[in-house]
Every structure is written in structure tokens, then in C-alpha cells.
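Heads up: the sequence shown begins at 1 in the numbering used here, then just goes up one per residue.
Please keep in mind that the hints were generated in silico from the structure rather than gathered at the bench. Here the structure is a predicted model, which means the values were calculated and not measured. Here a beta-carbon is modelled for each residue, glycine too, at the ideal position from N, C-alpha and C. Just so you know, not all the hints are guaranteed correct.
Said to hold, decoys possible - 20 Å max Cα-Cα, derived PhoX-like pairs, lysine-lysine:
#, residue 1, residue 2
1, K54, K124
2, K37, K59
3, K160, K99
4, K125, K138
5, K138, K198
6, K228, K198
7, K137, K59
8, K46, K87
9, K87, K128
10, K124, K90
11, K87, K116
12, K87, K115
13, K160, K138
14, K87, K99
15, K181, K215
16, K138, K167
17, K46, K90
18, K115, K138
Claimed, not checked - What follows is a set of in silico ranges between Cβ atoms, one per label pair, in the way DEER data are often shown:
#, residue 1, residue 2, range
19, E274, K138, 35 to 43 Å
20, S257, E47, 43 to 51 Å
21, S248, R195, 19 to 27 Å
22, E224, E36, 56 to 64 Å
23, I221, I31, 51 to 59 Å
24, S23, I221, 49 to 57 Å
25, S23, E166, 33 to 41 Å
26, D106, K198, 30 to 38 Å
27, E163, K277, 35 to 43 Å
28, T252, I118, 20 to 28 Å
29, S248, E36, 56 to 64 Å
30, G122, N29, 23 to 31 Å
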Amino acid sequence: MMNKTIIIIFSFFCFVLAGCSCSPTLTANGITVPLEKAEELVKTIKEDSEVIVKGTVTKEDLEEIANAFYVPMGIPDPTVLRYFLPKNVKIVLNLSNAKGIREISDEFSELYNLKKIILPLGIKKLGKGFNMGTDVKKFIVPSSVTEINNEFAPWNQELKFIEVSEKNKNYSSYDGVLYSKDMQILICCPASHSRELKIHDGTKTICTGAFFGCKNLEDVIVPESVTKIEQSAFFNCNNLRSVTLPSSIQLTEDNLSNIFYECERLSTIYYDGETYKWE
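Make the full structure from the sequences, and use the hints.
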């Protein structure tokens, strides 16, 4: 009887261990491999493909996934090249079935082959350097996200529109721009937003780097409700030509230089009913 009990217990533990010891798997084009053999999968990918990740994924696992598809810059070692995705091939990285991922930051910032990333359920944070993919023009912030680094949008130069799930309790969007839930803080604008931008009337603060690298932006009207524009809010908006500022903003050369740093074409500022030429 005791031997039988021992066998049952041993079998049970084997079953548990088998269920717990599974590493994440990657599937593409009908081929599935464990993460530690990702290079075998990469070598089979010759055209644009969806890569599905399943299992419990740690931060270290995310870095391993990125490294598996990373394309070296410069002249790579020809003996290593076979382990990397060809430069002309794009992938959709599907993390929707992955478990345990609560934050994605810069793990994929150098993954130039990333066409699109499908976020996992329950994702909480999008950190600095988050790469959503080169072909994403509209990005939807899931309801689960509670923290976003405002420097995430410039990583995608083709992004035109940010939308937020209505169920999200921390963020909202207006005219394709990301705001706090109460619409009082403008957090970030997509890099490829349209030429003209209407800032929500009721906004009080425009964050540092909110319009960083907005290459299409030409004209901006800042409503009277805004009482604070943080440093480098419009950094590197190369095509910005005119801006209308509220009377609450201090109009000094130093202040303007900080707010509109490297806005080389900005020449006209409308302020308190007056027009100023700025060089």
C-alpha cells in the first residue's frame, strides 16, 4: 500500500513539474520551438510572418526574444548571420497569449524588423523606448494600462493617431493625442500627426517632450486654459512655423528657447493679441 502511495505521489509531482517547467514557446509558419531554440525558428523565416509567443514570459525572456530577431548593424560575422532575421523581412510579434508580462519598455527598441506588436492581456506599463512596430499608424492603449512613459510615441515615426480604450481609468485621447483621464494633462502627440493640431480646451499642462519630433506639425493653438508648458515640450518640431500662446505663459527668450528647442522654422508667435516675430 505504501509503495502504491509513493508511486502516486511521485507521479503527481512529475505532472506538476512538467506543467511548471515549460519555457515560453515561439510559433511561426507552423513551426513551434521553445525560447532557447528560437534561432532555429528564425532561420526558417524567409518572408513577413506572425510570431506567436505562448507561456509565462519574464523580462529576461522578452530580451531573449528580441535578441533572437535582432539584425546587427554594420558588417556582422558571417558565421552568426544565419541566426538573425533577414533585413527585408518584417514580423508581427503576437504576445496576446503570453502570461506574466506587466511591463514592456526598451526590450524591442532595436528590433527594426518589428512590423507590429500585439500586446498581452493585463499589460500595465509602457515604458521609455517601447517599440510598437514600424507599420503602426494607429495605436490603441488597452484598458489595463496604468502607466505610460511620455517618450514612447516618438519611437514610431509613422504613428498618426493614439486611441485609448474607454474602460481605461488613467488615460484618454483627443484628436489622436494622449491625455490624462481628466484631460488636464497633455502627455504626448504622435510623431506623424497632421499639420494642424487642436489642443483640448481645458488642458492645464503640456508635458516635457509631448510633441517631440512631430515632423508634420506646422501650426499650434494653445488654449487659455494652459498654465504650464514644460521644458522641451515642442522639441525638434522642424516644420513648426507659428504658435498661439495663452497669456499665462511667460514670454521671454529663455522660456521660448526651452519650450521650442530646435524648432528651426518657428517664426511667428501670437500672444495676448499681438504678433511677434521670433528668430
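How the hints compare with the structure:
1. K54 to K124: Satisfied, since the Cα-Cα distance of roughly 18 Å is no more than 20 Å.
2. K37 to K59: 18 Å, holds
3. K160 to K99: Not OK: K160 and K99 at ~30 Å, beyond 20 Å, violated.
4. K125 to K138: 18 Å, holds
5. K138 to K198: 18 Å, holds
6. K228 to K198: Holds, at roughly 17 Å.
7. K137 to K59: 26 Å, violated
8. K46 to K87: Cα-Cα ~10 Å, so holds.
9. K87 to K128: 25 Å, violated
10. K124 to K90: 26 Å, violated
11. K87 to K116: Within the cut-off at roughly 16 Å; holds.
12. K87 to K115: Distance of about 12 Å is within 20 Å: holds.
13. K160 to K138: Distance ~6 Å between K160 and K138 Cα, so the pair holds.
14. K87 to K99: 29 Å, violated
15. K181 to K215: 26 Å, violated
16. K138 to K167: Roughly 18 Å separates the two Cα atoms, so the pair holds.
17. K46 to K90: 10 Å, holds
18. K115 to K138: OK: K115 and K138 at ~13 Å, within 20 Å.
19. E274 to K138: 35 to 43 Å: With Cβ atoms ~38 Å apart, the hint holds.
20. S257 to E47: 43 to 51 Å: Holds: the Cβ-Cβ distance is about 49 Å, inside 43 to 51 Å.
21. S248 to R195: 19 to 27 Å: Holds: the Cβ-Cβ distance is about 25 Å, inside 19 to 27 Å.
22. E224 to E36: 56 to 64 Å: The hint (56 to 64 Å, Cβ to Cβ) holds, given that E224 and E36 are roughly 58 Å apart.
23. I221 to I31: 51 to 59 Å: Given range 51 to 59 Å: holds, Cβ gap about 53 Å.
24. S23 to I221: 49 to 57 Å: Between S23 and I221, where Cβ atoms are some 53 Å apart, the hint holds.
25. S23 to E166: 33 to 41 Å: 37 Å, holds
26. D106 to K198: 30 to 38 Å: With a Cβ separation near 32 Å, D106 and K198 satisfy 30 to 38 Å, so the hint holds.
27. E163 to K277: 35 to 43 Å: Between E163 and K277, where Cβ atoms are some 38 Å apart, the hint holds.
28. T252 to I118: 20 to 28 Å: Taking Cβ atoms as reference, T252 and I118 lie about 47 Å apart, which means the hint is violated.
29. S248 to E36: 56 to 64 Å: 57 Å, holds
30. G122 to N29: 23 to 31 Å: 28 Å Cβ-Cβ, so the 23 to 31 Å window holds.
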